[in-house]
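Chemist: Here are the chains, one letter per residue:
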Amino acid sequence: MEHEHIVTSFDEELKAIDTTLAEMGGMAEAQLAKAIQALVRRDADLAREVIAEDKRIDQLEAELDHDAIRLIALRQPMAEDLRMVITALKTSANLERIGDYAKNVAKRTITLAEMPTVGSTTHTIERMAVLAQGLVSSVLDAYVRRDVAAADEVRRRDEEVDHLHTSLFRELLTHMMEDPHNITACTHLLFIAKNVERIGDHATNIAEYVHFMVSGEILEDERPKGDKTSQTIVDAPQEKG
Amino acid sequence: MIQIATVSNDPIHKQPDAAPAGAAKITAQGVNVYYGDKQALKDISIDVPAHQVTALIGPSGCGKSTFLRCINRMNDVIDGCCMEGEIRLDGEDIYARGIDVVHLRARVGMVFQKPNPFPKSIYDNVAYGPKIHGLAASRAEMDEIVLHSLEKAGLIDEVRDRLDAPGTGLSGGQQQRLCIARAIAVEPEVILMDEPCSALDPIATARIEELIDELKQNYTIVMVTHSMQQAARVSQKTAFFHMGELVEQGTTEDIFTRPADDRTKAYITGRIG
Numbered sequence: 001m002e003h004e005h006i007v008t009s010f011d012e013e014l015k016a017i018d019t020t021l022a023e024m025g026g027m028a029e030a031q032l033a034k035a036i037q038a039l040v041r042r043d044a045d046l047a048r049e050v051i052a053e054d055k056r057i058d059q060l061e062a063e064l065d066h067d068a069i070r071l072i073a074l075r076q077p078m079a080e081d082l083r084m085v086i087t088a089l090k091t092s093a094n095l096e097r098i099g100d101y102a103k104n105v106a107k108r109t110i111t112l113a114e115m116p117t118v119g120s121t122t123h124t125i126e127r128m129a130v131l132a133q134g135l136v137s138s139v140l141d142a143y144v145r146r147d148v149a150a151a152d153e154v155r156r157r158d159e160e161v162d163h164l165h166t167s168l169f170r171e172l173l174t175h176m177m178e179d180p181h182n183i184t185a186c187t188h189l190l191f192i193a194k195n196v197e198r199i200g201d202h203a204t205n206i207a208e209y210v211h212f213m214v215s216g217e218i219l220e221d222e223r224p225k226g227d228k229t230s231q232t233i234v235d236a237p238q239e240k241g
Numbered sequence: 001m002i003q004i005a006t007v008s009n010d011p012i013h014k015q016p017d018a019a020p021a022g023a024a025k026i027t028a029q030g031v032n033v034y035y036g037d038k039q040a041l042k043d044i045s046i047d048v049p050a051h052q053v054t055a056l057i058g059p060s061g062c063g064k065s066t067f068l069r070c071i072n073r074m075n076d077v078i079d080g081c082c083m084e085g086e087i088r089l090d091g092e093d094i095y096a097r098g099i100d101v102v103h104l105r106a107r108v109g110m111v112f113q114k115p116n117p118f119p120k121s122i123y124d125n126v127a128y129g130p131k132i133h134g135l136a137a138s139r140a141e142m143d144e145i146v147l148h149s150l151e152k153a154g155l156i157d158e159v160r161d162r163l164d165a166p167g168t169g170l171s172g173g174q175q176q177r178l179c180i181a182r183a184i185a186v187e188p189e190v191i192l193m194d195e196p197c198s199a200l201d202p203i204a205t206a207r208i209e210e211l212i213d214e215l216k217q218n219y220t221i222v223m224v225t226h227s228m229q230q231a232a233r234v235s236q237k238t239a240f241f242h243m244g245e246l247v248e249q250g251t252t253e254d255i256f257t258r259p260a261d262d263r264t265k266a267y268i269t270g271r272i273g
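In order, the protein sequences belong to chains E and X.
Each residue of the first sequence is one higher than the last, beginning at 1 in the numbering used here.
Each residue of the second sequence is one higher than the last, beginning at 1 in the numbering used here.
Treat the hints as calculated values from the structure; they're not laboratory data.
Computed from a predicted model, the values in this text were never measured in an experiment.
Some hints could be false.
With the C-beta cut set under 7 angstroms, the calculated list includes, among others, these residues of chain E facing chain X [as the list claims (entries may be wrong)]:
| id | residue |
| --- | --- |
| 1 | 6 |
| 2 | 43 |
| 3 | 45 |
| 4 | 46 |
Partial selection, computed: residues in chain E whose CB lies under 7 angstroms from chain X [stated by the list, open to error]:
| id | residue |
| --- | --- |
| 5 | 3 |
| 6 | 4 |
| 7 | 8 |
| 8 | 73 |
| 9 | 76 |
By construction, the Cβ of each residue, glycine as well, lies at the ideal position given by its N, Cα and C atoms.
Chain E on its own, in the form it takes in the complex (with noise of 0.2 angstroms):
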């Protein structure tokens, strides 16, 4: 809303509010672009920086909900206040998930540095990185401007995710079956699939939240959802001869 508060320190808190929120979405969204990086380049070091850094994005949660709880118990906010900082609330716990999975990323990244590449399997979870990363900043740009039609949006597009994820699933699980050394590499390559995937999810519950936020409506139809994984099943590779 453009009006201001009559209290100057309400608009002040609800500001200081959002500013760490978006400086946790920043950060979220350069751990999972450093992580994958890392994981592109087999880059150890770069993954060791992901790992430390997430300790930050903690900070911020703490700080977050420490100002949040404030706020709804000395200004009892109303309204667009009060969708404001649940919507706050919840999406810093998001945001500190985002960050889990990208030091998740990067802590296996750091154990597939010693071992031999399998297929083009990672350039795959680099396009579902990318695309996922494009939805955890076309939400917290939603976020900022308080965009409905950009929030349902990237409802939509986490679609995209889904289904990368449900086919590089076929694809792992067919070099483990061609070659039962690629096990160890591809089922950590399967996890990284997982918790990009999972980060795509988020991204979704946030764009629900500023949904939220904007129009005070709860989103209670079934969100669009291309992940098949769990009712995959490859065949063995036809013996040769």
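Since chain E is already given, all that's left is putting chain X on it; use the hints.
Modeler: Chain X only, in chain E's frame:
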């Protein structure tokens, strides 16, 4: 000293209002009120649901108290006050010719901002209305009405052994509950409350709010309050008044989580409108 040990479970009072909860108890249509040349209310239309608490909120001078006072024709006594439109109680036009205003005010009781007990005993404060309206045939019946009303107002345990003490000697919160007992004693259907807690501390306020919550089982309550938190806590329906207009009305949950009108949003969130 008056002593009656128990209150009968079978009060001589008429049955509580039988209107189904949520149905319109009061219907206002196109209400305009003028104080001389100044228009205080502009085309107000609202349904007040039975057995619910309806909160009227809005800045000072917005017309909410004026509207409250229309419901029991308290504005009749103000010089130069003139009302147009229609207010119906159970479908009956309360401004129709031939309506007995004294009887109307027995059906629609009122509790004011500042507790205003009569300079009489606690007993007499509550007995006054039933006496005027001839509701008790005997002293025993009157005792029962008084005790029953004090019980419903949640005051009986604090005053049982000093019913002949002056009502003005009670604490502010007790005085307000005495005024509620006095309003209940004539078995109204509707209770109007004009900022009933604004002169009370938080504990006394909580007791009145708890009481309001219980009272809505038997009565329809319309309350003017400046405390939005109070409106949010006790009411099921909220109406926002601004400069004589009824800007927005809806369930209390909707008004406080997702108001539709910009003026409501600004008021509720404490913004410069």
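Chemist: Would you mind marking each hint as holding or not holding in the structure?
Modeler: Here's how the hints hold up against the structure:
The criterion of a C-beta within 7 angstroms of any C-beta in chain X is met by residue 6 of chain E, whose closest approach is roughly 5 angstroms, and the hint holds. Of the supplied interface hints, the one on residue 43 of chain E is violated, with its beta-carbon coming no nearer than about 48 angstroms to a beta-carbon of chain X, more than 7 angstroms. Violation of the interface hint for residue 45 of chain E is found here, the shortest Cβ-Cβ separation to chain X being roughly 49 angstroms, above the 7 angstroms cut-off. The criterion of a C-beta within 7 angstroms of any C-beta in chain X is not met by residue 46 of chain E, whose closest approach is roughly 45 angstroms, and the hint is violated.
Interface restraint check: residue 3 of chain E against chain X, minimum CB-CB distance 4 angstroms, threshold 7 angstroms, status holds. Because the smallest distance between the Cβ of residue 4 of chain E and any Cβ of chain X comes to about 6 angstroms, under 7 angstroms, the interface hint for this residue holds. Residue-level restraint check for residue 8 of chain E is violated (minimum Cβ-Cβ distance to chain X is 11 angstroms; threshold 7 angstroms). A least Cβ separation of about 12 angstroms between residue 73 of chain E and chain X goes past the 7 angstroms threshold, and the interface hint is therefore violated.
With its C-beta approaching chain X no nearer than about 6 angstroms, residue 76 of chain E sits inside the 7 angstroms limit, and its interface hint holds.
Going down the numbered hints, you'll see the structure goes against 2, 3, 4, 7 and 8, while the others check out.
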